[in-house]
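With chain A fixed as given, assemble chains B and C onto it according to the hints.
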Amino acid sequence: MEKQIFQNTKQGISKAQIVNSFAASAIAAIGVIVLLVIAGELYKPLKSFLANAFVHHWIGKGVLAFFTFAGLGIALVFFDSSGENTQTKILLSFLVWVAVLGTVSIIVFFAYEAFFAQH
Amino acid sequence: MDWETLLIVTHIIGTTLGVGGATFAEVFYLKAIRDGVVSPVEGDFLKTTYAIMRTGLVLLVLSGFGFLLLYRLNGAEALLLNGALWAKLTIVLVLVANAVMIQIRKMPMWLATSLSLTSWYAALVLGAWRGIPYSFLEILIGYVVAVFAVAYILETIKKAYVKK
Amino acid sequence: MDILSSALVLHVIIGLVGIIASYAVLMGLLKRAPSLAFLKYTSFTAFASYMLSWLIGGYYYVIYYGAAVKPTIKEGAYPWAHTLLMESKEHIFLFLPFLSFIIFLVIALLGREILEKRDLKNSLAALAGVVVAIGTFIALAGIVISGAAGQ
Numbered sequence: 096m097e098k099q100i101f102q103n104t105k106q107g108i109s110k111a112q113i114v115n116s117f118a119a120s121a122i123a124a125i126g127v128i129v130l131l132v133i134a135g136e137l138y139k140p141l142k143s144f145l146a147n148a149f150v151h152h153w154i155g156k157g158v159l160a161f162f163t164f165a166g167l168g169i170a171l172v173f174f175d176s177s178g179e180n181t182q183t184k185i186l187l188s189f190l191v192w193v194a195v196l197g198t199v200s201i202i203v204f205f206a207y208e209a210f211f212a213q214h
Numbered sequence: 110m111d112w113e114t115l116l117i118v119t120h121i122i123g124t125t126l127g128v129g130g131a132t133f134a135e136v137f138y139l140k141a142i143r144d145g146v147v148s149p150v151e152g153d154f155l156k157t158t159y160a161i162m163r164t165g166l167v168l169l170v171l172s173g174f175g176f177l178l179l180y181r182l183n184g185a186e187a188l189l190l191n192g193a194l195w196a197k198l199t200i201v202l203v204l205v206a207n208a209v210m211i212q213i214r215k216m217p218m219w220l221a222t223s224l225s226l227t228s229w230y231a232a233l234v235l236g237a238w239r240g241i242p243y244s245f246l247e248i249l250i251g252y253v254v255a256v257f258a259v260a261y262i263l264e265t266i267k268k269a270y271v272k273k
Numbered sequence: 739m740d741i742l743s744s745a746l747v748l749h750v751i752i753g754l755v756g757i758i759a760s761y762a763v764l765m766g767l768l769k770r771a772p773s774l775a776f777l778k779y780t781s782f783t784a785f786a787s788y789m790l791s792w793l794i795g796g797y798y799y800v801i802y803y804g805a806a807v808k809p810t811i812k813e814g815a816y817p818w819a820h821t822l823l824m825e826s827k828e829h830i831f832l833f834l835p836f837l838s839f840i841i842f843l844v845i846a847l848l849g850r851e852i853l854e855k856r857d858l859k860n861s862l863a864a865l866a867g868v869v870v871a872i873g874t875f876i877a878l879a880g881i882v883i884s885g886a887a888g889q
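Chains as they are written, first to last, in this note's numbering: chain A, 96 to 214; chain B, 110 to 273; chain C, 739 to 889.
Isolated chain A, as found in the complex (with noise of 0.2 Å):
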């Protein structure tokens, strides 16, 4: 039986639980980057947004999946019962991909941007 903490709720929360919560979390910050950089460069207005929002854009795309990150995280360790280890290999390997995508794509966007796009 795994060492459960916080016992105070109804049924403890495991270790691996909140690992598994924040690893999910950190898949869709992540995605949030992407999404937000991307969209960001296609439609202006919300690259404006972010800048007038938080004083620049890339401040507002940091913020914003700081947030993610942490609000996901929480709310997923307290909604989600799913603390079990093979979910937490699983997860880490979906990050290991999402990063690798994420990375490769924010490249090739700005490779296209800088040498091909018509502005």
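In case anyone wonders, no lab produced these hints; they're calculated from the structure. What you are looking at is a predicted structure, and each value in this text was computed from that prediction instead of being measured. It is possible that part of the hints are untrue.
[Claimed, not checked] Only some residues are given here: those of chain A computed to face chain C with a beta carbon under 7 Å: (1) ALA124; (2) ALA134; (3) SER188; (4) ALA194.
Glycine included, every Cβ here is placed at the ideal spot set by N, Cα and C.
This is chains B and C only, laid out in the frame that chain A set:
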């Protein structure tokens, strides 16, 4: 001591530890495999040598980036796009990747040892040679040729030295 | 040294410490018998370094880069150093604090399981490898961007 002198001293110490470590790693490795068994003492010697090499690598990288910052702050940014500098950066990356490949056992030892030894000596030569007249590509071609030449020499020594 | 130069120096050195710490995590995880204390220490160092580098680099980027360095690069010999490398670097960097936090969290909370379950350890090592690769790309892109500013 000014920043530049501190960086030069740190860079030299890093390179010395790396080149010395790589050389002794090769010597200890050959001695260790001579009788076909790596004893605990031999294994411990090798581990210590690898730790010294890693320390050298950290000092080399930190002081190297210190130089790059100095160029940036002193208005000598053009040096940051120098071919020899990028050849040296590439070789340091090879060293880093080689250590990972050795750890996950995805690199044959004849190539791994040659890569380590040649890369450290190449970093030393590129660091000491002022005004290198070769391009990035020419340096890398020379480096690749050196890796295979050193691998051949090491294998020849191994065949002659290691007991059948 | 003025505050902007100090910010640049700290951003680079602290970021570099983060990459070195992530590399140490990767190498530690690839060992047959990793040291949990070493992994906790290095993974926390990596996370803290990326957070600090984010704040300091962000200050330099928002206050100085956009107004003073970006126009020079865009009018220089290598405008792609900004349009491709800087644009990619500044956004991909945002992944690092989250990824390094997850690595630290897994090691801090599931350390024992990592030592016992090889597939979990390998997944975490792959994540540490991605962090090292992204960090290295960012560092190298930074050199080109600085170089392009002087052309």
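Using 7 Å as the Cβ threshold, decide whether ALA194 (chain A) counts as touching chain C. holds, 5 Å
With a cut-off of 7 Å, does the beta carbon of SER188 (chain A) approach a beta carbon of chain C closely enough for the hint to hold? holds, 5 Å
Taking the closest Cβ pair, is ALA124 (chain A) under 7 Å from chain C? With Cβ-Cβ at 5 Å, under 7 Å, it holds.
Using the nearest Cβ pair, does ALA134 (chain A) come within less than 7 Å of chain C? violated, 12 Å
When held up to the earlier numbered hints, the structure conflicts with hint 2 and nothing else.
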